[in-house]
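Student: Make the full structure from the sequences, and use the hints.
As given, the protein sequences belong to chains A and B, one line each in that order.
Under the numbering used here, the first sequence has 370 at position 353, and the numbering climbs by one with no breaks.
Under the numbering used here, the second sequence has 128 at position 47, and the numbering climbs by one with no breaks.
If you're looking for bench data, these hints aren't it; they were derived computationally from the structure.
C-beta: ideal position from N, C-alpha, C; glycine also.
The reader is advised that the hints may include incorrect statements.
Here are the simulated distance ranges between beta carbons [what the hints assert, rightly or not]: (1) B:486 with A:99: 45 to 51 Å; (2) B:367 with A:99: 29 to 35 Å; (3) B:195 with A:395: 42 to 48 Å.
Computed footprint of chain B on chain A, listed as stretches where at least three residues anywhere in the stretch have a Cβ under 8 Å from a Cβ of chain B [as the list claims (entries may be wrong)]: (4) 71-85; (5) 88-99; (6) 199-213; (7) 299-312; (8) 316-325; (9) 362-370; (10) 398-405.
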Amino acid sequence: MSVATEALAPADEAGIVEAVREAAASRTPLAIEGHGSKRGMLRPVQAGRTLSTAGLTGITLHKPAELVLSARAGTPVAEIEAALARHNQMLAAEPPDFSVLSGHDRPATLGGMVAASLSGPRRIAASGALRDQVLGLRAVTGRAEVIRSGGRVHKNVTGLDLCKLLAGSHGTLGVLTEITLKLAPRPEAGLTLAVGVADLAAGVAALSTGLGSPFGVTGAALLPRGMAELGLSGPTALLRLEDMAQFLPHRAGRLRQDLAGFGAVTLVEGEASQALWRAVRDARPLQAAPEDAVWRLSVKPSAGPAVARRLEEAFGARMLLDWGGGLVWAAGPATDAAHAAVMAAAQAAGGTFLLFRAPDSLRSAVPVLPEEPPALAGIAARVKAAMDPEGLLNPGRLRG
Amino acid sequence: MIDLPKPNPAVLARRGEILAALHALVPDGPFGQGVIGDPHRLRAYETDGLSAYRQPPLAVVLPATTEEVAAVLRYCHQNGIRVIPRGAGTSLSGGALPLADAVVVGMMRMNRILEVNTADRYAVVEAGVTNIGITQAVSAEGFFYAPDPSSQLACMIGGNVMMNSGGAHCLKYGVTAGNLLGVKFVTIEGEVVEIGGQYLDAAGYDWLGLITGSEGQLGMVTEVTVRILRAAEGARAMLAAFRANEVAGQAVDAIIASGIIPVALEFMDRPAIHACEAFAQAGYPLDAEAMLIIEVEGSTEEQDTLLARLKEICARFDPISLRVAETPEESLAIWKGRKGAFGAVGRISPDYLCMDGTIPTGELPHVLRRIGEMSDSYGLLVANIFHAGDGNLHPLIMFDANDPESFRKAETFGADILKLCVEVGGCLTGEHGVGVEKRDLMPVQFTAAELAQQRRIKSAFDPQWLLNPAKVFPLEGNPALAPAA
Ligand SMILES: Cc1cc2nc3c(=O)[nH]c(=O)nc-3n(C[C@H](O)[C@H](O)[C@H](O)COP(=O)(O)OP(=O)(O)OC[C@H]3O[C@@H](n4cnc5c(N)ncnc54)[C@H](O)[C@@H]3O)c2cc1C
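Tutor: Next comes the structure, spelled out in structure tokens:
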């Protein structure tokens with residue numbers, strides 16, 4: 018595996034264009050990153066040079082009354098969140114901060130966040146996906162051309178939606194240079210109902226009860242081993258309610274009644290509730306050891322417990338379930354056998370998986386995402402060729 | 082008028098043979114014919130919601146299964162025949178307009194609900210199920226499918242996916258794209274691919290996101306897995322009327338900035354208020370220049386609290402009237418005029434063009450002023466309806482279809498409005514799609530490089546440009562689609 022040696026960090030978009038043009042001329046593939054906080058995700062990139070967007074910083078537009086913000090791709094996510102907090106606003110997708118999980122302190126940038134398209138616990142609420150909040154972007158393609166897609170308005174169906182294609186493409190189709198996001202008002206208050214449940218199946222049923230209620234649940238996670246801090250030792254289902262403070266007691270009371278059959282309910286409020294969801298968001302309850310591999314599986318929620326059982330049996334996985342039980346985070350030994358068990362479990366459940374983190378030896382040897390059926394693989398190859406004909410951008414990142 | 086490509090004479094000459102081949106692939110079923118070739122019956126498919134454009138197709142095929150759709154596409158691909166996918170044909174941008182040498186593949190026989198799962202909160206339906214049909218299938222259990230285009234009684238979920246349709250309640254629940262989990266997708270080569278499924282966020286490229294809103298350019302959708310949501314405990318509306326568009330616009334900004342996201346926030350200007358009132362007798366204030374309909378959801382107490390806060394905010398802008406519905410019936414009365422707006426305008430002028438640009442909401446007063454000036458100079462009336470929370474503007478331009486000059490003026494006026502939307506930082510279309518209608522305006526919003534990039538993505542799915550050609554992308558520079566002489 019080749020490690021990038023040279024690093025370029027232009028100060029503006031023109032510099033990115035220049036770097037891609039030069040890469041094309043010298044046939045030098047590029048590893049694309051911000052500060053490299055997600056370098057360990059998916060497969061190692063086979064490139065001789067790193068092109069960073071960390072030099073492209075700054076919020077270029079923030080219209081609180083229109084719920085939009087634009088910023089250059091290298092702007093740290095933390096800086097954006099701080100700017101939004103001053104207006105009681107937030108990024109609705111609740112994007113995770115993986116520094117703990119990845120064992121480093123490189124700050125996540127806006128570009129990396131969108132390129133990885135990872136959504137946090139709020140994904141299960143209405144329009145909670147990060148990619149749905151990308152209103153517009155600018156990117157430099159592998160042809161060294163600047164393209165824009167979308168814009169700065171909330172509703173836009175003009176032309177093919179390349180925002181969706183580029184969000185989640187992990188830098189393999191274009192280098193994002195500026196992004197416009199839809200914002201959400203920060204709820205005035207929030208609280209969590211923690212339910213001690215008999216087992217994972219009961220836990221997912223409790224989460225489904227909450228998500229199927231009219232009370233506006235904005236987080237629904239399941240901790241298989243409970244939470245010592247709250248004195249919960251067994252599997253614990255967590256349901257978050259957020260809205261105007263005066264609405265919450267009524268909703269919490271009603272939801273508590275609905276959940277009564279599942280086990281004892283503890284109320285977690287204020288900062289404690291927020292800290293809990295930050296931990297879920299960043300997958301901290303996994304307590305992954307540095308040498309462990311970490312996987313993310315997405316299945317239909319009722320299939321979550323069976324997936325968890327398989328992984329537990331196969332390699333004693335430590336797990337965390339989010340999104341009503343449908344998102345299964347698993348940590349375990351970085352072996353081919355463990356990876357094979359994850360692939361089999363995702364397939365049996367009719368879902369998807371992603372090798373989130375692993376030593377290079379594993380992640381360069383196995384498929385880190387499900388294989389695509391041949392017809393789609395053909396389209397994917399042609400789309401890649403359409404955006405990056407020379408294969409300059411993040412070669413090998415998604416597939417070998 | 083927009084140019085359409087020259088029909089392929091070789092295809093036209095083979096019409097009889099093509100009809101026979103299609104019929105062998107799609108036999109008649111107990112509930113309907115598989116292939117339509119009779120010129121009289123083809124007339125039913127010659128247009129869509131943009132009825133100024135008409136062109137009967139070569140043939141219409143109505144497959145009953147995904148396999149039949151795949152067989153038809155494979156055949157058309159092998160024989161170089163153009164394909165126009167069609168749902169209910171309610172597109173307002175001419176997205177489903179046929180071509181003389183094309184086969185229309187209609188979804189109306191694929192109208193089954195395949196699975197409803199309230200525990201996992203999804204429904205799997207065939208592409209020809211109507212939008213309202215999904216909500217009807219899940220409402221007994223208290224669930225609903227959120228995007229609610231005004232055409233929801235007729236339009237089909239496959240059409241909604243392809244247009245990424247919105248509705249009055251999208252402010253809170255998002256447009257179609259945010260409410261999908263998966264589709265069964267058929268490529269022009271006739272390959273069937275499952276994209277997404279019953280789970281969130283498939284790993285890898287976001288094909289589902291790219292296909293959504295692609296206006297039939299990339300492939301056909303035969304099944305859709307949608308997210309369904311539990312309905313709120315209740316909903317109620319209020320009406321606020323103001324002395325000027327500017328003031329109503331400021332009230333909208335103040336509402337959004339307050340942190341309250343209503344489920345709906347609709348704006349009507351004076352001509353729209355008058356048209357709707359004459360039609361629906363909803364009790365709209367005729368002395369107002371602008372009016373907002375604001376709807377909130379929750380328990381009765383929550384509705385009371387939110388409506389009281391909204392009333393307080395609106396009261397800061399010197400309203401002419403503020404009316405909060407006390408009962409669901411009063412809410413319905415407030416909505417009645419807005420819901421019938423298109424019909425109401427249709428009574429004043431049987432022919433109108435419904436435009437669909439989006440603008441940054443702060444630009445509303447400026448844009449409405451400019452539209453007013455254009456209306457004077459073109460001598461055509463216009464009524465403006467606006468999804469104010471998300472900036473989606475629907476000017477309804479009234480004209481006389483019997484007078485070609487009036488239609489030409491209406492089209493130019495519409496184009497001017499859309500150019501203005503782009504000029505102030507918005508876009509050509511918020512929810513109705515580009516279709517044929519806005520195809521030639523695409524260079525107003527995109528550079529040549531951007532359009533070329535989008536075209537290459539289209540080519541990656543459909544190298545011969547057989548799928549819904551002559552829509553979305555201008556014909557220039559596209560040798561496969563030379564305009565008719
Ligand atoms: C009175 C009225 C009110 C409306 N209100 C709204 C509104 O509030 N919000 C809104 O967003 N729109 C609205 N529309 C526009 C229209 O209803 C939507 O665009 C709708 O989604 C179209 O659905 P359809 O089934 O009629 O599709 P069609 O018009 O038949 O087709 C639309 C496009 O999708 C393609 N297509 C259709 N089905 C498939 C398929 N299965 N596979 C591949 N391609 C396919 C067609 O080729 C075409 O390009 C309104 C229209 C009318 C007439």
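Student: For each hint, tell me whether it holds in the structure or not.
Tutor: Verification of the supplied hints:
1. The hint said 45 to 51 Å for the Cβ distance between residue 486 of chain B and residue 99 of chain A, and at roughly 58 Å that hint is violated.
2. Checked against the hint of 29 to 35 Å, the C-beta distance between residue 367 of chain B and residue 99 of chain A comes to roughly 48 Å, which is inconsistent with it.
3. Evaluation of the 42 to 48 Å hint for residue 195 of chain B and residue 395 of chain A yields a failure: the beta carbon distance comes to about 27 Å.
4. For a cut-off of 8 Å, the count of residues in the region 71-85 of chain A with a CB near a CB of chain B stands at 6, and the three-residue condition holds.
5. Residues of the region 88-99 of chain A with a Cβ under 8 Å from some Cβ of chain B number 0, which does not satisfy the need for three, so the listed coverage is violated.
6. Counting residues of the region 199-213 of chain A whose beta carbon lies closer than 8 Å to any beta carbon of chain B gives 4, which reaches the threshold of three, so the coverage claim holds.
7. Only residues whose C-beta sits within less than 8 Å of a C-beta in chain B count toward coverage, and the region 299-312 of chain A has 0 of them, not enough to reach three; the restraint is violated.
8. Counting residues of the region 316-325 of chain A whose CB lies closer than 8 Å to any CB of chain B gives 4, which reaches the minimum of 3, so the coverage claim holds.
9. Note: the region 362-370 of chain A has 4 residues with beta-carbon separation from chain B under 8 Å; the three-residue rule is met and the coverage holds.
10. Counting residues of the region 398-405 of chain A whose beta carbon lies closer than 8 Å to any beta carbon of chain B gives 5, which meets the minimum of three for the stated coverage.
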